[in-house]
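Number of protein chains: 2
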Amino acid sequence: MARSSLTLALVQQSDQGNTAANLDDCEAAIRAASIRGCSLVLLQELHNGPYFCQTEDPSLFDMAESIPGPTTERLSSLARELELVIVGSLFERRAPGLYHNTAVVLDADGSLAGIYRKMHIPDDPGYYEKFYFTPGDLGFNPVDTAVGRLGVLICWDQWFPEAARSMALAGAQILLYPSAIGWNPDDTTEEQQRQLQAWETIQRAHAIANGLPVGACNRVGYEADPSGVTSGARFWGSSFVCGPQGEIIAQADDQSPKLLVAEVDLGRTEQVRRVWPFLRDRRIDAYGDLNQRYRD
Amino acid sequence: MARSSLTLALVQQSDQGNTAANLDDCEAAIRAASIRGCSLVLLQELHNGPYFCQTEDPSLFDMAESIPGPTTERLSSLARELELVIVGSLFERRAPGLYHNTAVVLDADGSLAGIYRKMHIPDDPGYYEKFYFTPGDLGFNPVDTAVGRLGVLICWDQWFPEAARSMALAGAQILLYPSAIGWNPDDTTEEQQRQLQAWETIQRAHAIANGLPVGACNRVGYEADPSGVTSGARFWGSSFVCGPQGEIIAQADDQSPKLLVAEVDLGRTEQVRRVWPFLRDRRIDAYGDLNQRYRD
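Which chain is which? The protein sequence lines are A and B, in order. Each residue of the first sequence is one higher than the last, beginning at 1 in this note's numbering. Each residue of the second sequence is one higher than the last, beginning at 1001 in this note's numbering.
Check before you lean on any hint, since a few could be wrong.
Some chain B residues well away from chain A (every beta-carbon gap over 10 Å; in silico) [what the hints assert, rightly or not]:
1) S1014
2) N1018
3) R1036
4) L1060
5) R1094
6) A1113
7) G1139
8) P1161
9) Q1195
10) G1288
Using C-beta positions, here's what the derived DEER-type ranges look like [to be verified]:
11) A:V275 / B:Y1222: 15 to 23 Å
12) A:R149 / B:K1130: 28 to 36 Å
13) B:E1263 / A:G97: 50 to 58 Å
14) B:E1081 / A:S231: 48 to 56 Å
15) B:F1131 / A:L98: 54 to 62 Å
16) B:L1138 / A:D24: 57 to 65 Å
17) A:G267 / B:E1056: 28 to 36 Å
18) B:G1139 / A:E190: 35 to 43 Å
19) B:E1263 / A:V275: 30 to 38 Å
20) B:I1035 / A:Y294: 33 to 41 Å
21) A:Y294 / B:K1130: 28 to 36 Å
22) B:E1027 / A:T189: 40 to 48 Å
Just so you know, these hints were derived from the structure itself, not from any lab. We put the beta carbon where it would ideally sit given N, CA and C, even for glycine.
Using the sequences and the hints, build the whole thing.
Structure representation (structure tokens):
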């Protein structure tokens, strides 16, 4: 089987305080990735601003923008100039009162190759996303680009094997997760480590179950809770790329911004699936309960 | 939420050369587990004999037995005498020419609480299970016992998130995997380690995705290929128990038989699911593709 090498970059950032500074930061990282030979750049979830979902504040909907819109235009120009694919993550204003958490894929010619609207929306203390984001209505459809068919999912999706599997069954060649997840500073160190390990483990498992490489790009740094109700969030970074057996290829630390560059061989998927042919053996005659909430 | 403590034992064994010796070994381990306060014992896959699927030999069907039959009778007596639950793994003869890889659950009163017939059947060099085992036709139904509702799956099932999820949706309180998986001695050390890590990672991920503890009991030791075609299998042991965040509670090594005892708190599942409420957020309106082979 032919090697099919892809050099990708994950941009692990901390919030710079305003949209212009964050986008400048993104652009600098994308240019650096280009110089290092990357043909695909994955940005973190909601990279234009702070992780604003720590409180429920109706005025924050002003941060949302249309797609296409100013950010996709800027990313599009960069993609075209540098001839690489960019996966961004935006707060989408679709209509008055209708907003989504949406990933955008800019192809190497600058065109908007496709979008993915976050399907699984979390809601727990400090992550009030059900207030801001309407659940996605586009399903699990990978996006075709110059570097391959990208299975883009977003953060909370990472806990759902169903999402990864659906992307794999639709022919995704790599799974990509823009993410914004961190520790509650009030939790014990043991609980914090269990959470980080679980986050890494389950995404590596999506690689294994589907024989696909995975890239997870997470926010880093402390962000205060504007309402003062909680102790804020310490985003744990730890962005990583793993291969189709779940083996870690590259990983950032949990403290600092990082341009993480990794090379993956998309051709290894077929090799791995020949040895572990899970797609062959799925019991599609017996999975009916997966479409149910619970069996009572 | 109330603590609900369960002390379980995993019996990691190597083949003793004949059925009588293997069953004596099982009995000794079960008695030792009872003395250590265990109320649940999980045996490894096909514990009565060698892992015979390294070759395709019609005469080996003679090893199959009925359920109930001699082994369930013996395990039943032990379960009743020691007042504990035993999960065994047998080569089931259901009818002439119809055989399954079947787990049996003996309740603490000695009754046969239920069985599970392996749903996902592997077939790759050295693991010719599709020759011996008809795929299970009982679906993913946990078994109610004196110690809780057990989600029993078998070996190859471990690679399928669908199986674990189906058991969780049916109310399983713990996932149990009797297993017989090992290294091809001809593979590189790097490949062997990727495989072992993948095996551990994906089962820990089932714990995480479903907020359930997991016990995986695997065979250990070298077994030659009777046909001489391959270099045989070195079963990698490494049996483990993890909690509902995928955190390892206890693990055996990859070299030697082991009675692995661990205590799990079944009450932690509800705590963990309140913080990570994945069952709340599953997009059951959008999982239709999971019942398809592939999207062409």
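Outcome of the hint check:
{"no.": "1", "hint": "S1014", "in the structure": "holds (25 Å)"}
{"no.": "2", "hint": "N1018", "in the structure": "holds (32 Å)"}
{"no.": "3", "hint": "R1036", "in the structure": "holds (26 Å)"}
{"no.": "4", "hint": "L1060", "in the structure": "holds (22 Å)"}
{"no.": "5", "hint": "R1094", "in the structure": "holds (18 Å)"}
{"no.": "6", "hint": "A1113", "in the structure": "holds (18 Å)"}
{"no.": "7", "hint": "G1139", "in the structure": "violated (5 Å)"}
{"no.": "8", "hint": "P1161", "in the structure": "violated (3 Å)"}
{"no.": "9", "hint": "Q1195", "in the structure": "violated (7 Å)"}
{"no.": "10", "hint": "G1288", "in the structure": "violated (7 Å)"}
{"no.": "11", "hint": "A:V275 / B:Y1222: 15 to 23 Å", "in the structure": "holds (20 Å)"}
{"no.": "12", "hint": "A:R149 / B:K1130: 28 to 36 Å", "in the structure": "holds (31 Å)"}
{"no.": "13", "hint": "B:E1263 / A:G97: 50 to 58 Å", "in the structure": "holds (51 Å)"}
{"no.": "14", "hint": "B:E1081 / A:S231: 48 to 56 Å", "in the structure": "holds (54 Å)"}
{"no.": "15", "hint": "B:F1131 / A:L98: 54 to 62 Å", "in the structure": "holds (56 Å)"}
{"no.": "16", "hint": "B:L1138 / A:D24: 57 to 65 Å", "in the structure": "holds (59 Å)"}
{"no.": "17", "hint": "A:G267 / B:E1056: 28 to 36 Å", "in the structure": "holds (31 Å)"}
{"no.": "18", "hint": "B:G1139 / A:E190: 35 to 43 Å", "in the structure": "holds (38 Å)"}
{"no.": "19", "hint": "B:E1263 / A:V275: 30 to 38 Å", "in the structure": "holds (36 Å)"}
{"no.": "20", "hint": "B:I1035 / A:Y294: 33 to 41 Å", "in the structure": "holds (39 Å)"}
{"no.": "21", "hint": "A:Y294 / B:K1130: 28 to 36 Å", "in the structure": "holds (33 Å)"}
{"no.": "22", "hint": "B:E1027 / A:T189: 40 to 48 Å", "in the structure": "holds (43 Å)"}
Hint compliance for this structure: hints 7, 8, 9, 10 are broken, all remaining hints hold.
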